[in-house]
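Could you build the full structure based on these sequences and the hints that come with them?
Line order of the protein sequences matches chains A and B.
Each residue of the first sequence is one higher than the one before, starting from 1 at the first, in the working numbering.
Each residue of the second sequence is one higher than the one before, starting from 1 at the first, in the working numbering.
Warning: the hint list may mix true and false statements.
[Claimed, not checked] Taking lysine to any residue pairs in the SDA-like style, the calculated list, with each CA pair at most 20 angstroms apart, reads:
| hint | chain 1 | residue 1 | chain 2 | residue 2 |
| --- | --- | --- | --- | --- |
| 1 | B | K54 | A | Y101 |
| 2 | A | K11 | B | P39 |
| 3 | A | K57 | B | A93 |
| 4 | A | K11 | B | G41 |
| 5 | A | K11 | B | T95 |
| 6 | A | K11 | A | S70 |
| 7 | A | K57 | B | P91 |
| 8 | A | K65 | A | E99 |
| 9 | B | K54 | A | K11 |
| 10 | A | K11 | B | S42 |
| 11 | A | K18 | A | T86 |
| 12 | A | K57 | B | G41 |
Hints were generated in silico from the structure; no laboratory data involved.
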Amino acid sequence: EAAVTQSPRNKVAVTGGKVTLSCNQTNNHNNMYWYRQDTGHGLRLIHYSYGAGSTEKGDIPDGYKASRPSQENFSLILELATPSQTSVYFCASGEGSYEQYFGPGTRLTVL
Amino acid sequence: GQQVQQSPASLVLQEGENAELQCNFSTSLNSMQWFYQRPGGSLVSLFYNPSGTKHSGRLTSTTVIKERRSSLHISSSQTTDSGTYLCALEPGANTGKLTFGHGTILRVHP
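Here it is, written out as structure tokens:
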């Protein structure tokens with residue numbers, strides 16, 4: 001059973017629209033992370049969380065919000081999507097400084 | 001400058017050859033992880049290796065903190081090894097935040 005799942009797997013949005021990407025983990029890890037992957041930039045950290053109710057800004061948080069309503073769920077929210085946010089988004093879970101486990105990714109296209 | 005440098009950027013092998021992938025870093029190190037990614041795929045963890053040497057089948061990871069480097073050795077390569085190999089480190093802050101290298105693209109020909 002996949003321990004980190006993401007939905008949707010593919011999404012097409014319009015500029016100015018709201019987009020919510022969801023992540024669920026069954027690892028019972030305290031930490032969860034949102035990254036985006038772009039050619040030429042590699043993977044970059046957007047937001048992360050140390051537990052339910054907590055969110056922290058990563059390296060590139062502008063234009064994104066995050067929500068961690070429970071241990072299992074961590075969402076990434078684009079209130080006003082822009083074409084520059086077209087990317088592949090990965091969610092991951094981990095415990096402290098130990099190994100991180102990644103979800104399958106969400107391919108987002110903003111037109 | 002970039003904190004994590006991977007080399008080579010790309011590598012082409014004939015099946016059966018060995019490969020050595022390098023990851024050099026300019027910051028302190030709390031943890032190091034190696035991932036494998038197929039085109040369009042997710043990241044599969046190969047090694048969590050903050051120091052020393054670890055083995056898994058045909059793969060060996062070695063991290064030498066004082067030399068600020070980590071390596072991934074692939075022996076007897078197979079066509080199914082083709083893909084991108086990424087290293088990621090957590091700078092010494094115990095946050096779990098990973099900084100990734102840009103990866104090495106490996107192609108193994110039959």
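Outcome of the hint check:
1. Restraint check: the Cα-Cα separation between K54 (chain B) and Y101 (chain A) comes to about 19 angstroms, which is no more than 20 angstroms; the hinted pair holds.
2. Between K11 (chain A) and P39 (chain B) the CA atoms are separated by roughly 19 angstroms; this keeps the pair inside 20 angstroms, and the hint holds.
3. The suggested pairing of K57 (chain A) with A93 (chain B) holds, with an alpha-carbon distance near 15 angstroms, which does not exceed 20 angstroms.
4. Proposed proximity of K11 (chain A) and G41 (chain B) is supported: the alpha carbons are some 16 angstroms apart, at most 20 angstroms.
5. This hinted pair does not check out: K11 (chain A) and T95 (chain B) have alpha carbons roughly 30 angstroms apart, beyond 20 angstroms.
6. At roughly 24 angstroms between alpha-carbon atoms, K11 (chain A) and S70 (chain A) are farther apart than 20 angstroms, so this suggested pair is violated.
7. A C-alpha spacing of about 16 angstroms is found between K57 (chain A) and P91 (chain B), which places the hinted pair at or below 20 angstroms, so the restraint holds.
8. Taken as a hint, the K65 (chain A) and E99 (chain A) pair is broken in the structure, with Cα atoms around 25 angstroms apart against an allowance of 20 angstroms.
9. Between the alpha carbons of K54 (chain B) and K11 (chain A) the distance comes to roughly 39 angstroms, so the proposed pair goes past 20 angstroms and is violated.
10. Proximity of K11 (chain A) to S42 (chain B) is assessed by CA-CA distance (about 17 angstroms); at most 20 angstroms being required, the pair is judged to hold.
11. The straight-line distance between the Cα atoms of K18 (chain A) and T86 (chain A) is roughly 13 angstroms, inside the 20 angstroms bound, and the hint therefore holds.
12. For a cut-off of 20 angstroms, the pair hint linking K57 (chain A) to G41 (chain B) is broken: about 26 angstroms separates their Cα positions.
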